[in-house]
Amino acid sequence: MRILYLDIDTLRPDHLGCYGYHRNTSPNIDRLAHDGVRFDKCYVSDAPCLPSRASFFSGQFGIHTGVVGHGGTAADMRLIGPGRTFSSMRLRPSLTWCMRLMEIYPVSFSPFAERHSAWWFCEGWREFTNPGRFGAENADEVSKPAIDWIKANGERDNWFLHVNMWDPHTNYTTPKELANAFADEPLEGWYTEEMRQRQWGGFGPGGPQEPGGNMGGDYRCPTMPNHIKSLADYKTWVDGYDRGIANADLWVGRILNALADRGILDDTLIMVSSDHGENFGELGVIGDHATADHITSRVPMILRHPRLGGGRVDDALHYQTDVGATLVELAGEVATSRWEGMHGTGGVVPACWDGRSFAPALKAGRSEGRPNVVFSQNAWSCQRSVRWDNYVFIRTYDTGLRGYPAHMLFDIAKDPHELNDLAPGRPDLVAHGRSLIAQWTDEMMRTNASQIDPMWTVMAEGGPYHTRGKLESYCQRLRQTGRAHHAEFLQAHPTGL
Numbered sequence: 001m002r003i004l005y006l007d008i009d010t011l012r013p014d015h016l017g018c019y020g021y022h023r024n025t026s027p028n029i030d031r032l033a034h035d036g037v038r039f040d041k042c043y044v045s046d047a048p049c050l051p052s053r054a055s056f057f058s059g060q061f062g063i064h065t066g067v068v069g070h071g072g073t074a075a076d077m078r079l080i081g082p083g084r085t086f087s088s089m090r091l092r093p094s095l096t097w098c099m100r101l102m103e104i105y106p107v108s109f110s111p112f113a114e115r116h117s118a119w120w121f122c123e124g125w126r127e128f129t130n131p132g133r134f135g136a137e138n139a140d141e142v143s144k145p146a147i148d149w150i151k152a153n154g155e156r157d158n159w160f161l162h163v164n165m166w167d168p169h170t171n172y173t174t175p176k177e178l179a180n181a182f183a184d185e186p187l188e189g190w191y192t193e194e195m196r197q198r199q200w201g202g203f204g205p206g207g208p209q210e211p212g213g214n215m216g217g218d219y220r221c222p223t224m225p226n227h228i229k230s231l232a233d234y235k236t237w238v239d240g241y242d243r244g245i246a247n248a249d250l251w252v253g254r255i256l257n258a259l260a261d262r263g264i265l266d267d268t269l270i271m272v273s274s275d276h277g278e279n280f281g282e283l284g285v286i287g288d289h290a291t292a293d294h295i296t297s298r299v300p301m302i303l304r305h306p307r308l309g310g311g312r313v314d315d316a317l318h319y320q321t322d323v324g325a326t327l328v329e330l331a332g333e334v335a336t337s338r339w340e341g342m343h344g345t346g347g348v349v350p351a352c353w354d355g356r357s358f359a360p361a362l363k364a365g366r367s368e369g370r371p372n373v374v375f376s377q378n379a380w381s382c383q384r385s386v387r388w389d390n391y392v393f394i395r396t397y398d399t400g401l402r403g404y405p406a407h408m409l410f411d412i413a414k415d416p417h418e419l420n421d422l423a424p425g426r427p428d429l430v431a432h433g434r435s436l437i438a439q440w441t442d443e444m445m446r447t448n449a450s451q452i453d454p455m456w457t458v459m460a461e462g463g464p465y466h467t468r469g470k471l472e473s474y475c476q477r478l479r480q481t482g483r484a485h486h487a488e489f490l491q492a493h494p495t496g497l
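Those letters in the sequence shown? Residues 1 to 497, per the numbering used here, in order.
If you're looking for bench data, these hints aren't it; they were derived computationally from the structure.
Be aware that one or more of the hints could be misleading.
Unchecked claim - 25 Å max Cα-Cα, derived SDA-like pairs, lysine to any residue:
| # | residue 1 | residue 2 |
| --- | --- | --- |
| 1 | K176 | H22 |
| 2 | K41 | G369 |
| 3 | K151 | R126 |
Said to hold, decoys possible - Here are the in silico distance ranges between beta carbons for each label pair:
| # | residue 1 | residue 2 | range |
| --- | --- | --- | --- |
| 4 | I80 | L308 | 35 to 41 Å |
| 5 | S117 | R84 | 16 to 22 Å |
| 6 | L308 | V348 | 18 to 24 Å |
| 7 | L231 | E127 | 43 to 49 Å |
Keep in mind that this is a model prediction, so the values were computed, not measured.
Beta carbons: idealized from backbone N, C-alpha and C, even for Gly.
Please put together the full structure from these sequences, using the hints given.
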């Protein structure tokens, strides 16, 4: 079995044509969705980048791996401890190691491990190519060597190829030929001048005066305005993001052409997804992924293979981690196993995984998922949220120097950009959301060998990594920019609540 995972960083679904976007950002991805299965409600269990990929490749949620943040103790996998054997991979089998044990040859082209010092990610790969620019690569720098690998090895059977592009992530360093790709195309229109002005007078990293998570004065991205002083500046940011998607999509097409040239396109299971989305005004954040909300935590998920059928939308709730488990089960049906004596049999999802396979439903053309999904953010803020039916409930523990209330509730079907907080008027739904999170946490802690919830580790170590220790300097900036009343609030309420 051949599997290609196109892993495009910071890719929110609703900026792809196949998810309804009005701009032509993704013609090649759209064709994959047309010929495959598009998942409408797929969420990462933990965001952003480091905890998200830790969950997908480990098969476990961050509350079990310990990886929920970008720094401090919660940025590293928990040690196994005295029970660690000569090789930890047999005790904590990753997706990559599962592929190995089914005699599927895994190969990765990605800067992820070095960017986040996530050296556990290197386990199991037979070939691993790090382009070496810490995620500042354009898609060509990752895709060209991947295409060369396909040309040399693609016709072999039983491989898993991971290609990790970063173009939609800031700094939006799109090649010059795409520089004006969307200059004449309007935005959707939901973000208004009134909203920009209201956010301009507010506070928090990611707002119009500090876009991209900046808390100083000048943003590090030379192609973007330092501040969003007008809707034209806002459009420049969105255009830059969309150009990043378009450049990644261009190279997706070239990778697909390489498969077609070898006659193996229809014999390859192709997956397109991401590690998290990107907010562009939702919850007051522009050009960053700082919350456990619908926009940051929902990711595109497309699976394409002739045997799965085409043009279908799966509208069930799924964790991205469940898709990894499904890949293991699908691969196990066609690969030779060497799992005997190694805690399972070929194609069986490891017992320690939180991901649950939905392979039977997928093959039968049914949408079958979870009744609810719980997801977290502990890098820019400390939040734990739950999605059920049309609702997302967000429980905030540390706002990350923003002005969020402890409870927020949104009807995503009616309000996809999270503009109308229903929490004050729906205490019944707030209570239900809190109950679902509490039930999930209790269930997870029953199988947590350390008995430590890593979110509380983040809180004990000073709060989310990206805002930790920055209260005084940010308050100084607020005073310098005419927002002294916000500085007084933050100093009186260090967690923002």
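Against the structure, the hints come out as follows:
1. Proposed proximity of K176 and H22 is supported: the alpha carbons are some 23 Å apart, at most 25 Å.
2. Taking the CA atoms of K41 and G369, the gap is about 10 Å. The hint holds against a cut of 25 Å.
3. Restraint check: the Cα-Cα separation between K151 and R126 comes to about 17 Å, which is no more than 25 Å; the hinted pair holds.
4. In this structure the supplied range 35 to 41 Å holds for I80 paired with L308, their Cβ-Cβ distance being about 36 Å.
5. For S117 paired with R84, a C-beta distance near 20 Å keeps the hint of 16 to 22 Å intact.
6. Separated by about 21 Å at the C-beta atoms, L308 and V348 satisfy the suggested range of 18 to 24 Å.
7. Judged by the Cβ atoms, the range 43 to 49 Å given for L231 and E127 holds: they are separated by roughly 47 Å.
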